[in-house]
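Modelling step: build the complete structure from the supplied sequences, incorporating the hints.
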Amino acid sequence: MLMYPAGLDQIISLFEHLPESERRSLLVTYAEGAAHCAPKPGETFDLEDIRKDEECTDTVGIHLRVDENGGAHFRVSLGHEVQTLTRAMTSILCKGLDGAGVQEILDVPADFVQKITGAELVRIRSQTVYYVLGRMKGALKVWSNRKRAE
Amino acid sequence: MSDKFASYAHPEVLVSTDWLAAHLNDAGLLVIESNEDLLLYDTGHIPGAVHIDWRRDLNDQTVRDYLGPQDFAALCSRHGITPDTTVVFYGDKSNWWACYAFWVFQLFGHTKAKVLDGGRSKWMSEQRPVTKDTPSPAPSSYPVPPERRDASIRAFYAETLAHCKAGKPLVDVRSIKEFTGETTHMPEYPQEGVLRGGHVPGAQSCPWSTAANADGTFKTAEELTAIYAGDLGLKKDDDIIAYCRIGERSSHTWFVLTYLLGYKTVRNYDGSWTEWGNMVRSPVEKSV
Chain A
1 MLMYPAGLDQ IISLFEHLPE SERRSLLVTY AEGAAHCAPK PGETFDLEDI RKDEECTDTV
61 GIHLRVDENG GAHFRVSLGH EVQTLTRAMT SILCKGLDGA GVQEILDVPA DFVQKITGAE
121 LVRIRSQTVY YVLGRMKGAL KVWSNRKRAE
Chain B
151 MSDKFASYAH PEVLVSTDWL AAHLNDAGLL VIESNEDLLL YDTGHIPGAV HIDWRRDLND
211 QTVRDYLGPQ DFAALCSRHG ITPDTTVVFY GDKSNWWACY AFWVFQLFGH TKAKVLDGGR
271 SKWMSEQRPV TKDTPSPAPS SYPVPPERRD ASIRAFYAET LAHCKAGKPL VDVRSIKEFT
331 GETTHMPEYP QEGVLRGGHV PGAQSCPWST AANADGTFKT AEELTAIYAG DLGLKKDDDI
391 IAYCRIGERS SHTWFVLTYL LGYKTVRNYD GSWTEWGNMV RSPVEKSV
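Keeping their order, the protein sequence lines are chains A and B. For the first sequence, our numbering assigns the number 1 to the initial residue and increments by one for each residue that follows. For the second sequence, our numbering assigns the number 151 to the initial residue and increments by one for each residue that follows.
Just so you know, the hints here were simulated from the structure itself, not pulled from any lab data. In this text, all values refer to a predicted model and were calculated from it rather than measured experimentally. C-beta atoms are modelled at their ideal positions from N, C-alpha and C, and glycine is treated no differently.
Between beta-carbon pairs, the in silico distance windows are:
1. B:Glu373 / A:Gly70: 55 to 61 Å
2. B:Ala159 / A:Glu16: 51 to 57 Å
3. A:Gly42 / B:Pro289: 53 to 59 Å
4. A:Leu106 / B:Ala156: 58 to 64 Å
5. B:Ala159 / A:Thr29: 41 to 47 Å
6. A:His80 / B:Asp153: 29 to 35 Å
7. B:Glu332 / A:Ala149: 28 to 34 Å
8. B:Ala159 / A:Asn145: 56 to 62 Å
9. B:Ala376 / A:Glu16: 51 to 57 Å
10. A:Ala119 / B:Val434: 32 to 38 Å
11. A:Asp49 / B:Ala364: 27 to 33 Å
As structure tokens, this is what we get:
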């Protein structure tokens, strides 16, 4: 059994053994694709968590839809000032977690982040690399709690 | 030189995007990008610019301190910098980290240094050339500086405490919410971990951003004088310490006070709130 959702596992395999320069280049490529993760016109969601933090960051909106089979689908809206690493992780997570079960995502250990970004980026920008995963898991917890209360 | 630059105390430390565009290929000039966003340089940068990261390149990797003279010389040599090289810093966040890197270079006496007014965002918004090509400058031989000049432009905890007790000018350049103690950090920002919120007793609040225009450029000398001499009452011969959380935003204010307004004695307390707010029994004030 895979430790991570299948889509995420594939992306991890892609990054895991890359030399540093190629890893950074691939992260930038993912970051450049982050705009495709934004909500599309007409889409509806089960939960939306959009926050604008003062001064040091920009708006990050987490838009969650859970399908009839319990699979989670994320869209993420990012303000202009959001950092490149956050953009890259947004792209990776939207693709890698798409359709995975709610509990499956909540159980994903955060150790995969280092396999993608490399130890150096985690060491010098640890909060940035974990941010989107934390926000996604936070949205799933709220959704789960609401579901339980219904 | 523009009227705006000419009115600053030391206009020679500032360059405009027009000037830089016209001098990009000058011999003896090196452009350095320093950002909060670690991968921003990789997404495209000013042609010929090298990347210096504050944490990886300017900090000691073990002790909370800056690199020493030996490592500074090695850093410069790696980028082909000699003592005669004019370095021009620019970066994101209205040049926070550019000013921080500039400040570190001044710790080692590299005075041939300038800051690009408006930083990265102005260059980009003007649709000026960018590249993903990383330059490979021929290594140079940079002499090891005799010392790191901590005493003149850097303040430590004990000095800041003495400053506070003596009622000397302290400028807290964090946001108002950080100053009042309502918050200690923001999401998606490196959490340096601080246990108490508030400010150094007696410090005046003047967020760094009051010195910057919306496009990241510095305000005019007249506007800056109104803020720092007028609103804060700082006098040119005052002994001033500026601080924030880890010393990056206060580098911006240090640069403004020292070079744009000509204050003689300004030190950056780089330990800042992450040291002060964690120190056992450190005095803390929460009122505005």
